[in-house]
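Join these two chains into a complex; the hints should help.
Those sequence lines, one after another, are chains A and B.
FYI, numbering that gives the first Met the number 0 numbers position 31 of the first sequence as 30, with every residue one higher than the one before it.
FYI, numbering that gives the first Met the number 0 numbers position 120 of the second sequence as 119, with every residue one higher than the one before it.
Some clues are possibly wrong.
[Unchecked claim] Computed beta-carbon distance windows for the label pairs:
| id | chain 1 | residue 1 | chain 2 | residue 2 | range |
| --- | --- | --- | --- | --- | --- |
| 1 | B | Pro-43 | A | Gln-56 | 34 to 40 Å |
| 2 | A | Glu-37 | B | Ala-146 | 33 to 39 Å |
| 3 | A | Arg-34 | B | Ala-146 | 30 to 36 Å |
| 4 | A | Lys-86 | B | Gly-40 | 38 to 44 Å |
| 5 | A | Glu-30 | B | Asp-89 | 39 to 45 Å |
| 6 | B | Pro-131 | A | Glu-36 | 20 to 26 Å |
| 7 | A | Ser-64 | B | Asp-143 | 26 to 32 Å |
| 8 | A | Gln-56 | B | Gln-37 | 38 to 44 Å |
[Unchecked claim] In silico negatives: residues of chain A with every beta carbon more than 10 Å from chain B:
| id | residue |
| --- | --- |
| 9 | Arg-34 |
| 10 | Val-39 |
| 11 | Val-45 |
| 12 | Ala-49 |
| 13 | Gln-57 |
| 14 | Gly-59 |
| 15 | Gly-94 |
[As the list claims (entries may be wrong)] Where chain A lies over chain B, by a calculated footprint (3+ residues, C-beta under 8 Å):
| id | region |
| --- | --- |
| 16 | 7-19 |
| 17 | 80-93 |
| 18 | 113-124 |
| 19 | 127-136 |
Just so you know, the hints here were simulated from the structure itself, not pulled from any lab data.
Built from N, CA and C at the ideal position, the CB exists for glycine as well.
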Amino acid sequence: MPSSASHPDEVPMTNPGTHLITIRYFAWVREKIGRAEEQVALPDGVTTIADVIAWQQQRGPHFASAFAEPTAIRAALDRIHVKPDAKIGTAREIGFFPPMTGG
Amino acid sequence: MAVRVQEMAFDISAEIEALCDGQPGIGAVATFIGKVRQSAGDTPLASLSLEHYPGMTEDELTRIEADASARFNLSASCIIHRIGTLLPGDDIVLVITAAPHRHNAIAAVDFLMDYLKSRAPFWKKETTVDGPGHWVDARTSDADALARWQKTDP
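Chain B on its own, in the form it takes in the complex (with noise of 0.2 Å):
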């Protein structure tokens, strides 16, 4: 299990292999990685800012990854979110699931994803090539998704 919150770049294949060292029970291997989109609308972006509540991401980060650990029956799983200024193009997140069988491993990277986007205090701030940089909204579907797992909570 492992939350890191970084500036530097991640290298997916590396933690790929630093999580499943030493764990023969895993049939399984899941991951997302979220990117800096090439444009705001229409707009081409210049950068992309990510603010977040130091101490506080890093909690709350463990908490979301225990609970899809409890909840899928997961063998290891990897949370590596990036701050300070990204281009487009770059990565900005990165979840690994690991589990003895697909299905689990699948389900808790779609989970972990929505309970990031709702729960961990992290921010972005756009800037576009010709204007001042903008906050981005929070999108009402993404706590749609939230509740999509809270309705099957036991």
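So here's chain A without its partners, still in its complex pose (with noise of 0.2 Å):
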């Protein structure tokens, strides 16, 4: 994994070997983050999808709102749907979404 060094935006860590990851938001998760896409390091102890949005839910009120009904929120791993239980592991990517409603 990268070092926190390539980085440069995000805020120093005290754990240099900490997994990051890039998380996306789409639809209405979007817009009551407020942002379309953050880097973030997972605290230990965030090892599945539904450990991440427990997290999310302290973020802020921002994601707070977003994540308040969690069976409202689809989850992808790389790029590939999962369900709540879906370890992160070395997934470089996470995506957050309402149910789809296309075609």
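As structure tokens, then:
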């Protein structure tokens, strides 16, 4: 994994070995959070999609609003649909979005 | 086999011609076009915006198309989905399937649309003439439609 030095926009981390991951938001999840994408270091103990959602709920009012109803959120890991119990592992990208409405 | 995500409109005749070109075994072509409705409930619609997940959308559509091709033994198929801002009456999505005989071609279109609606990462936002935009809710009937195919999965 890249070290924190290769991501100058990130807040310096206490643990340089921490897994940095890109999180992308779509549709009303993106609007509520106010950004389309960010790079984050997941805290220790956050190992599944459900853990990430629970962690997101603590990150401030915009995140709390976007993730208030976890059953309304769908997730993808490295661009493949996954369920809440999916392990993050060494994935590089998580996507959070509402149920899809294409077609 | 082809999957495209694009802002511009599509021409169904040109797409059918391209799909069938050089494929003498094709005896049936089935198509579906999804269009922007004129209204949202009782309120006239001003526009419809379509957002997607670049990269994942193409991957997911390719997986869905490969499933349909194997399941229905298609000779050829094509999925084109538009993104960006569309107006009432505009085309949104085109699905074309080609097979030696009609039953597989027709069933494959139905299958592709059911999977596309529940699995392909697109989101619609409607803007009515008298109000702010709102995100379209997913329909539970779309999930039910998908379950119909899964019951008969081998």
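- [ ] State the violated hints by number, sorted upward, taking the hints as numbered earlier in the document.
- [x] Violated: hints 5, 15 and 16.
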